[in-house]
Structures are given as C-alpha cells and as structure tokens.
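Undergrad: Could you put together the complete structure from these sequences and hints?
Numbering follows the numbering used here, in which position 15 of the sequence shown is assigned residue number 15; successive positions increment by one, without gaps.
Treat the hints as calculated values from the structure; they're not laboratory data. Just so you know, not all the hints are guaranteed correct.
Here are the simulated DMTMM-like cross-link-like pairs (lysine to aspartate or glutamate), alpha carbons at most 20 Å apart as the crow flies [unchecked claim]: (1) K185 - E135; (2) K103 - E78; (3) K77 - E49.
Estimated spans, in silico, between C-beta atoms of each pair [unchecked claim]: (4) D6 - H33: 28 to 38 Å; (5) F105 - S11: 17 to 27 Å; (6) H33 - G205: 15 to 25 Å; (7) K208 - D6: 10 to 20 Å; (8) Q51 - K118: 15 to 25 Å; (9) D6 - N41: 32 to 42 Å; (10) A31 - R190: 32 to 42 Å.
Using N, Cα and C, we set each Cβ at its ideal position, and we do this for glycine too.
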Amino acid sequence: MTMGNDQRRASIVESESLLWGDDVAEAYHGAAHRDMDRHWNDLIWPVLETQSVDFSSTADFACGRGRNTEKLISLAKEISLIDVNEENLSYCKEVFGRERSVKFFQCNGYDLSNIPDKSFTFFYTFDSVVHFDVELILGYLPEFCRVLKPGGKAFIHHSNYSASPGADFRSNPHWRNFMSAELFKHLATRSGLKVLTQDVIGWGGVEKIDCLTTCVRPI
Numbered sequence: 001m002t003m004g005n006d007q008r009r010a011s012i013v014e015s016e017s018l019l020w021g022d023d024v025a026e027a028y029h030g031a032a033h034r035d036m037d038r039h040w041n042d043l044i045w046p047v048l049e050t051q052s053v054d055f056s057s058t059a060d061f062a063c064g065r066g067r068n069t070e071k072l073i074s075l076a077k078e079i080s081l082i083d084v085n086e087e088n089l090s091y092c093k094e095v096f097g098r099e100r101s102v103k104f105f106q107c108n109g110y111d112l113s114n115i116p117d118k119s120f121t122f123f124y125t126f127d128s129v130v131h132f133d134v135e136l137i138l139g140y141l142p143e144f145c146r147v148l149k150p151g152g153k154a155f156i157h158h159s160n161y162s163a164s165p166g167a168d169f170r171s172n173p174h175w176r177n178f179m180s181a182e183l184f185k186h187l188a189t190r191s192g193l194k195v196l197t198q199d200v201i202g203w204g205g206v207e208k209i210d211c212l213t214t215c216v217r218p219i
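TA: Shown next, in the form of structure tokens:
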C-alpha cells in the first residue's frame, strides 16, 4: 500500500524537521541569535522596506527561539509564533508569553490546519525553509496563501541549492535542501501567490545558495 501525501509528509517531518530544539540550543539557536542583527540589517530589512508591508497581523513561521520575533514584535500590532517543535514554543512562551499581542501555534510540520483563513497581513520566515524538503514546501505554499489576507504579503527565505538532487540535505552545504529560485517561484505561483521579488544571496561563504522571495496574495 502506498502512503498518501499527508502520511509521506508526516514521515519527512519525523526524520528531518525536529532537529532544532533543546539539543542545539547553543550550537544553533545561540549562534543564530548572535548573527541576527547583521542578517536583519544587511539582508532582511533592505528587502522589506521596499515592499510597503502591513505588519499589523504578522506570522513568524518556524520561529525557533524567537530571534526574528524580537525584530518583528515592535512592528506588529499582533504577532503569531508558529513552530513544529514544542521545545521551541515553550521557550518562546517563557520569553514572550506576557505580551498580549503574541499568540502561539504548534503546527504539524506540513500544513497550517489549526490557523483560520485570512489571518495575517504579513507572513514571514527566515532561516528555516532553507532546510525543508520539497514535499513539505508543496504542502505549505497553498497554506501560506490561505492564511494571508487578500493583499497580504509574504517574505520567505528558502534554498537555492540544486546541485545534489536526491541527496540527504544534511550532506549539503549548510544543510540546504533541494530547491531553486525558479522552482520556488513556479510552486508559489501554482499555489495562488504572486511573486514580487527574488534576491539570490550567499550564506556562510557559499555564493548564491539561498533566495529571499517576496509574494502577495492577490486581492
């Protein structure tokens, strides 16, 4: 018997998506937090400031330990932190739980079924989707569109590494999964989003390994 899409995606989540919790609190999350100011100032904000983003209802998807939330919270009237990893959400609740503007959602790793339609004016994810298997991206992109309000925008940092099709992503530079800017644009468009910009960037000394894509849900 062959597995259905959800079963297959759940299997990928179990093997690939639960690697960024307490076990890497310092090795990954701590190091990434120390780089956040540089990433925000050099990579993220130069894109966002050109897009007339409505931050009022923002989603920080695959929020990890909240280093992006620290930047977004001052821009948003309300912000939703979404992650598959319960340990990360528990940490974020300790840090941000007293803020009335903050909500928390644990996703299943392949859809956003516990989040209502048209919830957000802005959907943001940085330094997470770069590791996602294409099967998970196929499941998530229609969901990103669904939870955006019409006219709402998305900022998605994803892999542009296509040198090793079929390889275990952990053997690729910086654990980048198989994806390209062109393929991502195709999948996003097929999912109902309109791609606005794509900026191919380097990461950790590897040129053109990533892409910053902005999209809008058409009105």
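Undergrad: Now tell me, hint by hint, if it's right for this structure.
TA: Okay, the hints, checked on the actual structure:
1. A C-alpha spacing of about 15 Å is found between K185 and E135, which places the hinted pair at or below 20 Å, so the restraint holds.
2. Distance restraint check for K103 and E78: the Cα-Cα separation of roughly 8 Å lies within the 20 Å cut-off, and the hinted pair is therefore satisfied.
3. Among the hinted pairs, K77 with E49 is consistent with the structure: their alpha-carbon atoms are about 18 Å apart, no more than 20 Å.
4. Evaluation of the 28 to 38 Å hint for D6 and H33 yields a pass: the beta carbon distance comes to about 33 Å.
5. Look at F105 against S11: about 22 Å separates their beta carbons, and that is inside 17 to 27 Å.
6. Against the hinted window of 15 to 25 Å, the Cβ-Cβ separation of H33 and G205 comes to about 20 Å, which satisfies the hint.
7. The supplied range of 10 to 20 Å is broken by K208 and D6, whose beta-carbon atoms lie about 33 Å from each other.
8. Between Q51 and K118 the C-beta distance comes to about 19 Å, which sits within the given range of 15 to 25 Å.
9. At about 39 Å, the beta-carbon gap between D6 and N41 stays in the expected band of 32 to 42 Å.
10. At roughly 35 Å, the beta carbons of A31 and R190 sit within the given window of 32 to 42 Å.
Comparing the model with each numbered hint stated earlier shows that hint 7 is the single one that does not hold.
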